[in-house]
Amino acid sequence: METFVQSIVSGILTGSLYAMIGVGLTVIFGVMRIINMAHGDMVMFGMYGAFLSIAFLKIDPFLSIVIWIPLAFFVGVFIYRFLLKNIVPAGELNTLLYTAGLSLFIANFVLLVATGDYRTIKLKYAIMPLRPFGIAVPIPLAIAFGMAILITIALYWFLVRTDTGRAIRATSQEPEAAALMGVNVDRMAVITFALGTALACAAGVLLAPSLYLYPTVGEILVAKCFVIVVLGGLGSVPGAIAGGLLLGVVESLGAVYVSVPYKDAIGFVIFLLVLLFRPSGLFGVGKS
Amino acid sequence: MKKIVIALAILLLFTAPWIVSSPFFVHLMIMVLMWAVLGASWNILGGFTGQVSFGHATFLGAGAYTTMILYLKLGVAPWYGIPIGGLVAALIALPIGFICFRLRGPYFALSTLAVAEIIRLVALNWESLTNGPVGLLITTLPDVTFWGKSIDWESKIPFYYIIAVIALAAIVATDIMSRTRLGAYSLAIREDIDSAEAIGINTVQTRVAALSLSAFFAGVAGGFYAMYLRYIDPDAVFSIALSVEMVFIAVVGGLTTVAGPLVGAIVLVTFGETFRQILLVGHLILYGLAMMLAIRYMPEGIWGKLRLWLGVQH
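Protein chains in written order, with this note's numbering: chain A, 1 to 288; chain B, 1 to 314.
Simulated from the structure, these hints should not be mistaken for lab results.
This one's a predicted model, so the numbers in the text were calculated from it and none came from an experiment.
Ideal placement from N, C-alpha and C gives every residue a C-beta, glycine not left out.
Misleading hints may appear alongside valid ones.
[What the hints assert, rightly or not] Selected chain A positions facing chain B (in silico; Cβ < 10 Å):
(1) Glu-2
(2) Phe-4
(3) Ile-8
(4) Ile-35
(5) Gly-101
(6) Leu-104
(7) Leu-111
(8) Met-128
(9) Leu-130
(10) Phe-133
(11) Gly-134
(12) Val-227
(13) Ala-265
(14) Leu-282
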C-alpha cells in the first residue's frame, strides 16, 4: 500500500511538470493548428538556462525562472515572427516538417556549443528527501510542483479572466468568427506561440534539478508531450493538465508494477489506443 | 539523349571507386548511396502517397537486426540476410499500416513516432533476442570467392558495389512504381484522399502496399548498415533521429521524384560527413537548416527545381 501511495505521489509531482509542457503545446495547437516539433527543445533551453544560472550566475535555478520566462517569451515572438509566420499557411504537414528541421537545428546548435556531456544540477538543500507521512518527496520536485501549480493557475486566470485570454480562446474555437468580431488573429498567434514557448522553458527550468541535461533531451520530451496532449484532446488546456498528471502517474505505477524499462512504452501504447479509439481525447473535449 | 545520360550515370556509379580511391571518399560514397536508399524508401511512402512517417527507423532497425541475428545465431550469410531483412521489414509494415493508416495527416505522423518508440523499447529490453543495449557485433564476415578471387572484406570496395546495386534497385523500383497503377493510386491519395476513396480506390490497401514496399528498401538498407558497420544497438538503428534524417533527405532532394532522394543524399550526406570530419559532432545542424530553407523557399526540393530547368520529367 505504501509503495502504491508513494508511486502515485511521485507520479503527480512529475506529472505536474509534464502538464505544463503539454499546456504549452496544446495552446499553440489550438490557435495555430500546428504541431510544434521543436517544443521539446524549448524545454531543453529552460534546462540549460537553469544550469547556466547556477554554474555562472550563482543564482538558484528556481529563482532564475524570473529571468528565463520573459526571455523565452521574446524568443517565442522572434521564432514566430521571423521563422514560422510564413510557413503556417503552407499547411499542417509542411509546418510539421519545418518545426522538425528547427528542432534538429536547435538541438545540434546546443550540441556544438555545450557538447553532448550529460550534466546534472546539484542543490545544497536537496540532499535528503522530505518524508511527510513516511512518503519520500525529493525537495527539488516538491518546489517544482508548487511553482508549476502557481504558474498554471496564473495562466488559467489569464486565459479565463483577461481580454487577451478571451481573445485567444475565441481564436482557438473559431478563428474566422473571432476575426469578424475584431480580434487581431495574427497578434493572438504571436502571443500564444510566445506563451507556449515560455511555459515549455519554465517547465525546463523546474525539471532541470531532477533530470539529466543533454542537448537532445527535447526529442524524448516532445514525444511524451504528444502523448499528453492527445490523451487530453488536442487544443484543450484542462485536457493537457489531466493528460500530464495521468502520464506521470501511469509511468510511475508502470515502473513499480510492470517493469522499469517498459514504463516509457506504456505511455506510447495508451497514446496509440487513444488515437485510434478516442481521437478527440479521453475526455472528449479536443478538436480532431 | 536521356538514355545516354542514364547510361553514363550508371557507368560512373560502377567505376567511381576506380577513379577516386581514397578510403574517405569511398566511405563517403557508401554513406551517400545508403542514405539515397533510405531517402528513396521514405519517398515511396511520404512522396508518392503523401503520408508523413516519423517512424521509418523501425524498418531500418528490423532489417539490421534480422540480418545480424540470422548471421550470428543461424549462420546465414549477410547477402541472404539483407534481402530477408527487407522482407521482414515489409511484413512488419503490414500490421503497422493497418493500425496507423486509420489516422490522417499529422496524426498519422505522430502514431508512427509512437510505434517506432515502442519497438525501440522492445528491442532494448528483449535481451535474449537482441542482446539489449549492449548490441550485436560481427567480428568476421564469411569467405566468398568471386570470379576466382577471394573478397577482401577489410577493403571498402566490395561494400561499395553491394550498396550501389541496392541503390540502383531502389531507384528503378521508384521509377517502375511511378508508372504503375500503385503509383497513380498513390498520387490520387496524396492529392485528395476523400476523392480517391470516392472514385473507388481502396485507400487503405494502396497505402499499406506503398508502406510495405517502402519498408522493404529501408530494411535492406538496414541489413547493409549492419554488415558494413558490423555493430548495431537499439539506439543506433531505432532512433527518432534516424527516422527524421530519412525524411529530410527525401524532402530536401525532392518529393515524388525518382532521382530526388539520390540528389538529397549527395548534398546532405556530403556536407554532413565533411562537417563531421572537422567538428566531430553536430553535423545534423546542416540537415535542420537545409530542411527549413527547403520548406520555406523550395518546397519541391533541389531535384524538383532542377528537373524543371533541365526539362526532364523524373
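Check each numbered hint from earlier against the structure, then list the numbers of those it violates in ascending order. 1, 2, 3, 8, 9, 10, 11 and 14
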